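**Q** Just so you know, the protein sequences line up as chains S and W, in that order.
If you're matching positions, the first sequence starts at 1 in the working numbering and goes up one per residue.
If you're matching positions, the second sequence starts at 1001 in the working numbering and goes up one per residue.
Treat the hints with caution; some may be incorrect.
[What the hints assert, rightly or not] Cβ-to-Cβ under 10 Å is the rule here; a few derived chain S residues that face chain W:
id : residue
1  : A32
2  : V142
3  : L143
4  : G144
5  : Y145
I should point out that these hints are in silico values taken from the structure, not numbers from a laboratory.
All values derive from a computational prediction rather than experimental measurement.
Backbone N, C-alpha and C fix where the C-beta goes; we use that ideal spot for every residue, glycine too.
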Amino acid sequence: MEKRVIFKGWMLPALLLLPQIVITAIFFFYPAGQAIWQSMFVPDPFGLKTQFVGLGNFEYLLGDPYYRASFVTTAIFSSLVTVVSMGVALYLAILADRLIKGSGTYRTLLIWPYAVAPAVAGVLWMFMFNTRVGVVAWYLGVLGYDWNHVLNEAEAMGLVVVASSWGRISYNFLFFLAGLQAIPRSVIEAAAIDGAKFWTRFRTIVWPLLSPTTFFLLVVNVVYAFFETFGVIHTITAGGPQQATTILVYKVYSDGFVSQDLGSSAAQSVILLVLVGLLTVIQFKFIERRVHY
Amino acid sequence: MSDHRGMVEKRGIGHWLTHFGLIIGVVFIFFPIWLAFVASTVTQPEIVRPPMPLLPGDQFFENYSKALLSGVNAPVATMMLNSLVMALGITIGKIVISLTSAFAIVYFRFPGRTIFFWLIFLTLMLPVEVRIVPTYEVIANFGMLNSYSGLIFPLIASATATFLFRQFFLTVPDELTEAARVDGASPMQFFWHILLPMSRTNIAALFVILFIYGWNQYLWPLLITTDPSMNTIVMGIRQMFPSGDDLADWPVIMATSILAMVPPVIVVISMQKLFIRGLVDSEK
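Kindly generate the complete structure, drawing on both the sequences and the hints.
**A** Below you can see the structure in the form of structure tokens.
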């Protein structure tokens, strides 16, 4: 798409673009280039100079059992977060869509946790399940279940998944409800007149018509689980126990800033960059299709 | 929305089951926040001897004033001010540079225009989390650690908003530009008097989304603010925990958690329509 009517000159547009170009060059392109450059070096043990190793950092990473484990952890974590937050949101959206009145009220009640930062959500859930003072952990103890996410890897993973999904339900609910309300009533009522029960209607009409929304949310939620959940993991488990909740972004941080292994951290950044790139391409391909039909 | 949806909505028991299901959802969403609120109104001994009470106590003013005025490492009021400056800086900065560059890209033809557009477009792909180490070094070399500009600039360097305004400007009718030119308006007069007023709703919707985005930043402030008086509230909460968690000052920490969510929640609820619009716009 292009404008037919435009203004003349190049000084003014250059000036108008300048702030964004300068900021993007200094704080985006230069660091991104640095990440790629650093990923090909290793520092000597004293940190005085660095040695070129080409793709050595990547080779090392791909052979490193901890890095591979982090890949698996990320896959499990992001699948669980996506399924839980989308599942609960879809369930609530279907219920709200069935109401003749009041779906707006429930929407107001359900969307605002979107505003709660992942790191704050982490603190809230860590407080409930804290092994010493946590109310939920205490009642679980009364029921005979000894909760301890500080030692138990599965419980740690479960807790970060629930805390990450919790605030995300709002976002998914909003999009699912909008998607459901866009489905023409007449189609559903016609099916109902033909005697189709709720589940049949859902399977054959609602679900297929909702699939663009579902696919969009799938991509967006995976991106969320990859990057924005850092706050949840840092506040609740700090990647533990035994790295059971160390997702890829957390490892970039802990290797780069805690262990100061810059080469490896940069190489991990580059791998993540490729992953985000792939996700973005998938998302844009999909959006193009949606625009065309 | 039509009011004659009668066929497929449940009545009687089914109707109440629907409400019941939704209320369970609402309770699940509210429960963690309720507990945090209760914890922020009771005394430390009430929390450390579980189970803690499930109804608010009478220590509201004590805990909140202690948090705001002294906090643990720094007064929470200071941290909130830092968060506000950072959130507004990111929001306003990003909106301003995106408006002008989208105007340049859409309304002018100049050499390299397409390249600039794609360079800016590339930044859509790479969140700050991925380039933390080299960006940190840039900030350190500029001496911008523990400063507002260090908090703000790296988070402005992304093109989401530019892309959004470009899409919007393309829908503005050419007749308006034509008329402005006939009347002898300069490009900047057109920008100020026609384009900006027309973009008001888009700007407001983006403002809501960016404010929440800026306020809720965690990893970046964690890296570059080592001085407690420069901490933002969202990252400052974690810093309030001592190494051994039995000594954590729970009432003050939970009061801080509540304070950290109040401003963005107010923004979402009071500007719900703009918020929803902003979400939908920025994901398109």
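**Q** Go through the numbered hints given earlier and state which of them the structure violates, listing their numbers in rising order.
**A** 3, 4 and 5
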